[in-house]
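Asker: Sequence:
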Amino acid sequence: MDIEELRTFVEVADAGGVSPAARRLGVSKSIVSRRLFRLEAELGVQLLARTTRGAALTEAGATFRDYAARVCAEIEVARETILPAGKLRGRLRVSAPLSFGPTHFAPVLADMARRHPQLHIHTCYSDRFVDLIAEGYDCAIRVGYLQDSNLIARRVGPIYGKLVASPDYIKTHGSPEKPEELVSHQALMQGTEAWQFMDGDEIITVHPRGRFKADNATALAAAALAGLGIAWIPDGVTHQYLASGALVPVMTRHPPPPAGVYVIRPPGQHPSRKVRVLTEMLIECFEQAPNFAGVGR
Numbered sequence: 006m007d008i009e010e011l012r013t014f015v016e017v018a019d020a021g022g023v024s025p026a027a028r029r030l031g032v033s034k035s036i037v038s039r040r041l042f043r044l045e046a047e048l049g050v051q052l053l054a055r056t057t058r059g060a061a062l063t064e065a066g067a068t069f070r071d072y073a074a075r076v077c078a079e080i081e082v083a084r085e086t087i088l089p090a091g092k093l094r095g096r097l098r099v100s101a102p103l104s105f106g107p108t109h110f111a112p113v114l115a116d117m118a119r120r121h122p123q124l125h126i127h128t129c130y131s132d133r134f135v136d137l138i139a140e141g142y143d144c145a146i147r148v149g150y151l152q153d154s155n156l157i158a159r160r161v162g163p164i165y166g167k168l169v170a171s172p173d174y175i176k177t178h179g180s181p182e183k184p185e186e187l188v189s190h191q192a193l194m195q196g197t198e199a200w201q202f203m204d205g206d207e208i209i210t211v212h213p214r215g216r217f218k219a220d221n222a223t224a225l226a227a228a229a230l231a232g233l234g235i236a237w238i239p240d241g242v243t244h245q246y247l248a249s250g251a252l253v254p255v256m257t258r259h260p261p262p263p264a265g266v267y268v269i270r271p272p273g274q275h276p277s278r279k280v281r282v283l284t285e286m287l288i289e290c291f292e293q294a295p296n297f298a299g300v301g302r
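FYI, the numbering for the sequence shown is 6 to 302, going by our numbering.
Where hints are given, some of them may not hold.
Lysine to aspartate or glutamate pairs mimicking DMTMM-like chemistry, simulated, CA-CA at most 20 angstroms apart [what the hints assert, rightly or not]:
| # | residue 1 | residue 2 |
| --- | --- | --- |
| 1 | K183 | D204 |
| 2 | K167 | E182 |
| 3 | K34 | D7 |
| 4 | K167 | E186 |
| 5 | K34 | E9 |
| 6 | K218 | E198 |
| 7 | K167 | D143 |
| 8 | K218 | E81 |
| 9 | K218 | D240 |
| 10 | K92 | D143 |
| 11 | K183 | E198 |
| 12 | K92 | E81 |
| 13 | K167 | E207 |
| 14 | K92 | E285 |
| 15 | K167 | D240 |
| 16 | K167 | E198 |
| 17 | K92 | E79 |
| 18 | K34 | E45 |
| 19 | K92 | D116 |
| 20 | K176 | E186 |
| 21 | K167 | D206 |
| 22 | K34 | E64 |
| 23 | K183 | D220 |
Quick list of simulated restraints, FRET-style, between CB atoms [claimed, not checked]:
| # | residue 1 | residue 2 | range |
| --- | --- | --- | --- |
| 24 | A118 | I138 | 19 to 27 angstroms |
| 25 | R216 | A65 | 48 to 56 angstroms |
| 26 | A61 | Q152 | 25 to 33 angstroms |
| 27 | I36 | D206 | 52 to 60 angstroms |
No lab work stands behind these hints: they were computed from the structure.
All C-beta atoms in this analysis are idealised placements derived from N, C-alpha and C, irrespective of residue type, glycine included.
Make a model of the complete structure from these sequences and hints.
Answerer: Here it is in structure tokens:
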């Protein structure tokens, strides 16, 4: 049984259709269809029911998918085991944030590709939280405070941020001095997140409110510059605005606790060597250059 046929079937099952699976695999839809046809012919059973909206697993397909995924994972481990020490091959799909990603994480991924000529690295830069399993990513680099999930996270370094606002906003609305005063201000947020602040050794959690939301730190900085409200933004995005006076720090007696940069992967017994190597390279960057994330600490 061809391993590429098994792998293709798992991708189609997880992606929900031939087209998204073809994009993940980097091959044409016709190749995906031929591999599925050969696999079903060999097994003598229909694994997928094709519909106008994609492909759904049959009862046999749902049962076979888990076995096929385990076989593919074991083959991948075996391939990595017999490679010369330090060599990587195959494909690594990474989700990285649009904030910091192209400027800070892209050089690390490029260096990884340079060190491992047989490795194919596909990176998607977006500040939305992708579904690693459903969208077929090996791992994600995420910045900030992690939400609870069944994903496995490894912290690779710290990132610092602060509350900022424009001088015009402060002149019009005043500057909050305590966390509880934030509820009377317009907050610029990514969603419905909570903000945390330090009061000595105690962490205070606040649920701010606001009418302007964006999933990108640069966009939130633009809103703060326009005087729309107060934002928590990483220092790497705001340091130039703070230096020029276009933005000013707010509530400095209660700083937010340091956030983190994490490598997130789907649950499993062991991370692949590719994910481990990327994680180690990012940790090394933070250890060698404390200002790696542009935080000026």
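Asker: Identify every previously stated hint that the structure contradicts and give their numbers, smallest first.
Answerer: 7, 8, 22, 23
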